[in-house]
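Keeping their order, the protein sequence lines are chains A and B.
According to the working numbering, the first sequence is numbered sequentially starting from 1.
According to the working numbering, the second sequence is numbered sequentially starting from 1.
Simulated from the structure, these hints should not be mistaken for laboratory data.
Glycine residues also receive a C-beta, built at the ideal position from the N, C-alpha and C atoms.
All clues given are correct.
No more than 25 Å apart at the CA atoms, straight line, and that leaves these computed lysine-lysine pairs for PhoX-like:
no.	chain 1	residue 1	chain 2	residue 2
1	A	Lys456	B	Lys75
2	B	Lys91	A	Lys33
3	B	Lys91	A	Lys73
4	A	Lys451	B	Lys75
To give an idea of the interface, some chain B residues facing chain A are shown, with a C-beta separation under 10 Å as derived from the structure:
no.	residue
5	Arg68
6	Leu76
7	Ala80
8	Lys91
9	Glu104
10	Leu106
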Amino acid sequence: VRTVGETLPSAVRRQSTMIEHMMKDGLLDEFYKYALGFQVYNESLGRMVSQFTHVYPRAKIFEVGAGTGGATKFVLETIGNTFSSYTYTDISSGYFEKAAEAFSDWKDKLIFKSFDTERIPESQDFQESTYDLIIASNVLHATESMEKTLKNVRRLLKPGGYLMLLEITNHKLAAFTSMFGGISGWWAGCEDGRPYAPTMPLEAWNTVLRQSGFSGVGSTTPNRDQLAWPFSVISAQAVDNRINYLRKPLYRSSNAAQISQLTIIGGKSLEVAKIAEDIADIAGLRCQSVDSFADLISAQSSVVPGQTVICLSDLEDPMFKSLTPEKMDALKIMLEHSQTLLWVGRDSRDHPYQQAMVGFLRCIIHEMPDLSLQHLDIASGLKEVSTLIMEVALRLDTLSQWKASGALDQQLLYTKETELMFQLESLYAPRMLPDPTRNDRMNSQRRSVAKDASLKSNLISISETGSGLPVLKDVPFFSKGKEGKSAMETCVSTLSALGITAGLYLLVSVGLAISTSEAVIALSSSNSNKSYPVVTIPTDIPGDPADLLSVIAAEFMAARMLSTVVVGAKVLVHKPGTGSLESSLAQALRRQASARKFEVISSTSRADDDPSWLRLSPWMHDHNIKRLLPTGVTNFLDLAIDDESKEVSALIQQALPSVQYTGSKDFWRATSSGLFQDQEKLISLLKNAATGAGQHLASHKPTELSLSQVTDVKPPLHPATLVDWTAEDTAPVIVDTIDATHLFSADKSYLMVGLTGQIGQSLCEWMVRNGARNILLTSRHPSVDQKWLDSFRAYGAKVAVHAMDVTSKANVIQVVNDIQASSPPIMGVANAAMVLKDTLFSQMSYEQMTES
Amino acid sequence: VNPELCATLPLHSVQLPVRAQLLAPEANAVDSIRGNLDILSVDKQHVMIQVQGAAVVPVSMATVSDDRTVFSYTKLGVAAPDGELALGELKPSNNDIELGAVRERLAFFYYRSGSTNLLRQTGQSLSGIFNACGIRLIRPCLSLMPESIPISSQSGEMTPKHRSMLSSKRMLTPWIAAW
Numbered sequence: 001v002r003t004v005g006e007t008l009p010s011a012v013r014r015q016s017t018m019i020e021h022m023m024k025d026g027l028l029d030e031f032y033k034y035a036l037g038f039q040v041y042n043e044s045l046g047r048m049v050s051q052f053t054h055v056y057p058r059a060k061i062f063e064v065g066a067g068t069g070g071a072t073k074f075v076l077e078t079i080g081n082t083f084s085s086y087t088y089t090d091i092s093s094g095y096f097e098k099a100a101e102a103f104s105d106w107k108d109k110l111i112f113k114s115f116d117t118e119r120i121p122e123s124q125d126f127q128e129s130t131y132d133l134i135i136a137s138n139v140l141h142a143t144e145s146m147e148k149t150l151k152n153v154r155r156l157l158k159p160g161g162y163l164m165l166l167e168i169t170n171h172k173l174a175a176f177t178s179m180f181g182g183i184s185g186w187w188a189g190c191e192d193g194r195p196y197a198p199t200m201p202l203e204a205w206n207t208v209l210r211q212s213g214f215s216g217v218g219s220t221t222p223n224r225d226q227l228a229w230p231f232s233v234i235s236a237q238a239v240d241n242r243i244n245y246l247r248k249p250l251y252r253s254s255n256a257a258q259i260s261q262l263t264i265i266g267g268k269s270l271e272v273a274k275i276a277e278d279i280a281d282i283a284g285l286r287c288q289s290v291d292s293f294a295d296l297i298s299a300q301s302s303v304v305p306g307q308t309v310i311c312l313s314d315l316e317d318p319m320f321k322s323l324t325p326e327k328m329d330a331l332k333i334m335l336e337h338s339q340t341l342l343w344v345g346r347d348s349r350d351h352p353y354q355q356a357m358v359g360f361l362r363c364i365i366h367e368m369p370d371l372s373l374q375h376l377d378i379a380s381g382l383k384e385v386s387t388l389i390m391e392v393a394l395r396l397d398t399l400s401q402w403k404a405s406g407a408l409d410q411q412l413l414y415t416k417e418t419e420l421m422f423q424l425e426s427l428y429a430p431r432m433l434p435d436p437t438r439n440d441r442m443n444s445q446r447r448s449v450a451k452d453a454s455l456k457s458n459l460i461s462i463s464e465t466g467s468g469l470p471v472l473k474d475v476p477f478f479s480k481g482k483e484g485k486s487a488m489e490t491c492v493s494t495l496s497a498l499g500i501t502a503g504l505y506l507l508v509s510v511g512l513a514i515s516t517s518e519a520v521i522a523l524s525s526s527n528s529n530k531s532y533p534v535v536t537i538p539t540d541i542p543g544d545p546a547d548l549l550s551v552i553a554a555e556f557m558a559a560r561m562l563s564t565v566v567v568g569a570k571v572l573v574h575k576p577g578t579g580s581l582e583s584s585l586a587q588a589l590r591r592q593a594s595a596r597k598f599e600v601i602s603s604t605s606r607a608d609d610d611p612s613w614l615r616l617s618p619w620m621h622d623h624n625i626k627r628l629l630p631t632g633v634t635n636f637l638d639l640a641i642d643d644e645s646k647e648v649s650a651l652i653q654q655a656l657p658s659v660q661y662t663g664s665k666d667f668w669r670a671t672s673s674g675l676f677q678d679q680e681k682l683i684s685l686l687k688n689a690a691t692g693a694g695q696h697l698a699s700h701k702p703t704e705l706s707l708s709q710v711t712d713v714k715p716p717l718h719p720a721t722l723v724d725w726t727a728e729d730t731a732p733v734i735v736d737t738i739d740a741t742h743l744f745s746a747d748k749s750y751l752m753v754g755l756t757g758q759i760g761q762s763l764c765e766w767m768v769r770n771g772a773r774n775i776l777l778t779s780r781h782p783s784v785d786q787k788w789l790d791s792f793r794a795y796g797a798k799v800a801v802h803a804m805d806v807t808s809k810a811n812v813i814q815v816v817n818d819i820q821a822s823s824p825p826i827m828g829v830a831n832a833a834m835v836l837k838d839t840l841f842s843q844m845s846y847e848q849m850t851e852s
Numbered sequence: 001v002n003p004e005l006c007a008t009l010p011l012h013s014v015q016l017p018v019r020a021q022l023l024a025p026e027a028n029a030v031d032s033i034r035g036n037l038d039i040l041s042v043d044k045q046h047v048m049i050q051v052q053g054a055a056v057v058p059v060s061m062a063t064v065s066d067d068r069t070v071f072s073y074t075k076l077g078v079a080a081p082d083g084e085l086a087l088g089e090l091k092p093s094n095n096d097i098e099l100g101a102v103r104e105r106l107a108f109f110y111y112r113s114g115s116t117n118l119l120r121q122t123g124q125s126l127s128g129i130f131n132a133c134g135i136r137l138i139r140p141c142l143s144l145m146p147e148s149i150p151i152s153s154q155s156g157e158m159t160p161k162h163r164s165m166l167s168s169k170r171m172l173t174p175w176i177a178a179w
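With the rest of the complex left out, here is chain A (with noise of 0.2 Å):
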């Protein structure tokens, strides 16, 4: 608002034009996107388009003046790569370039033209009825005639296809007028009855809507603010007869037959009883003739061939809850009868009786092509669904008799589902998705999956790769090892295991207690975002977690250092560390030597170190070297990490050939390594050092790493670089693949049902080989080799063959019970019991389907 105010009069007077000023540094294109409201209604916007490409996951979608793509960013964000084409286009080709690099993701699906409103599609090389979707967001206002406009861009969609909108629909709003209002095309619409603002209210658009071959609106996201959202996203449906049929089944007629023969099967119960006597009643309007039966049984008698049915049976009485061979037979002269079939179930996700029915139908749909067939799915209560039970049945009946006759060509864009279900007056279509977690992590054996990990919700994890170099990994499992106690969430951690006692090895860390949300200090055996610490301790320091843990690991660290050493001793440490890092281990040692009087002397190769350090150059002669250092050194800490300094550490060790020497790799590896057995002793340790570290909280502030950086990182690193677990949202991470090590305990055991077979014994040899000891195998006709059984002894493992009929409840009570008075506690039961008895429907018999 004020850019343009401040800059108004120099616009009117014709030194510059408005929109100069509104496009430097980007101005207009962030306002598009990040502006008051626009960001929640372009995400609305995008969250609108996957509700439709849900459904058509392989759609063409079009943009109308995408611009510099301040939408289709947020679009294609959230759709990721369900659809089949993006047509990105705009009155001018200026955009493009950028757009195409901005979407690079996108590249091969994304097609770049332009495309002016105002003129005919076809008279800019775009062909008629292509489109599936076309998206506009604030763009469809800038017209001289919004009907005109609008049937162009009716033009390119399907029938059935979607416009969707995000438009300004407060059109009094002086704010926006104030912004554009210096640009000519926000009085097109002046002679367009939009006098005041191209901007139109809802009702407004709904007539244009319906004027220019659109349902209308049809759907749009609720009105919250005026002021501070004056937004709308809007969908209309492109209509042709056929849509507006489908769209209103009850009202309007179709070209095609009516249905001749209508049964409706179910009513024993009050409840349902009634909602068939309304479908009937709706119907008399609809179709020829209409018959109503209380159940499948009844029902066969009167069977007409082509017939429509609308079962409602299970409403009231769920056939796979009490098959009979009756009504197995019913069942059957129905399916085969019968041209259409609407079956309706209620809260079937629940109800295993109901959802059986669900993936019976999916069979039957295969094994019947010529059988139209849906299955609704009710699940918020039988009230009112009358109609629209009769509406979808209508739409079934007419959409196979389209197909029929071949009326449902390339340009109608609708789907006939085979399932839907009802909920809180919307219906629902279900898709099949690939889950990506899990495929991710098969696919992680085959080759190095990486991904962006959410720190909320996944297990993430530092360890080290090959050669070295520290990487994130995707944890599968959150489990408790086994020293842990309460779990912990990090905050702040070293990027080493720092070495505590002679061959142990931890990490150290600032966190959260998770169940008391306690600041702990805590040593790990893992590096992760949350963990089992080995052992905790509270604090109560203030300030930066980051600056008391750069302490406590170089208080550490200078412990682990001079617990070898005797007093009196004078000990040559070279590079104790490098930038701020120096001072607090250089302090750390230099306190706890003078505690247990030591003399302590530190050297390095940079200029640029502390001053009062010694200074060896690795191009001195080692008679130099041998004369700057000081007579009477008993122990050389080598803490070298760069090339440079390694050399003089050579040289030291030349020079000092007497003296005990210790390594940097007796001080920090890159992981946890090393048994803790001493619990006790460890929390003294952690104790003391945070007493040290309480006193002498870091003046300089330490390295840290966020978790982006740590996969950055080039060697050498300093150990006590610390790593920040708060500071980003997700982590770029390896999915590690599944490390079973910890899967099974040895004193617990493990029930295989129907697993006998070859998949089960290799199964039961991985599950040993993985820590199980007591492991079960059962089926109904068992015949394992018992040398292949013997051969678990070497492991010291127990594998035991049982009969059992998994569909017998006796029976299998009776194994437990066995289980239980021989063998551990049972913790895991794998089941892959089947009966596979390959028949179509129409030849099986009742024995074969209760057997199965």
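Take the given structure of chain A and dock chain B to it, following the hints.
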């Protein structure tokens, strides 16, 4: 390799016994299959060639296009676009609401200062392009007012009715203040 033993092999081809182990893959070892291989003498008493840690490496590494899609799930989504679900429960924050009002108020501020300047500098009252814009700008705002309430009293003072409107109708606040 035991060269002496190898030298004892006859010139014609013979079948040699082989002892081999395939090593269990290490975690994240995506690049190779490893194993040990011993080629024994015909009598199986001696080892002719012993290979430890032989690695079989693929000619080209697996890429995304080699991925397998084994796991899937069923997702339910609305069958037709739904605006209510697209916006969800989002509401403007108090700060957003205030900012929306301030934005309106600012628009009127610049409108007023622009027209005053124009009048002062050109001597024309609301003429030319600014005139046109100005009228366009004010009319819709006036249309928000209930017609029975006068905009201001004759003296230009705010009436008690105005004050109550100011407190009750947030929409009107910015432009009245600017006026």
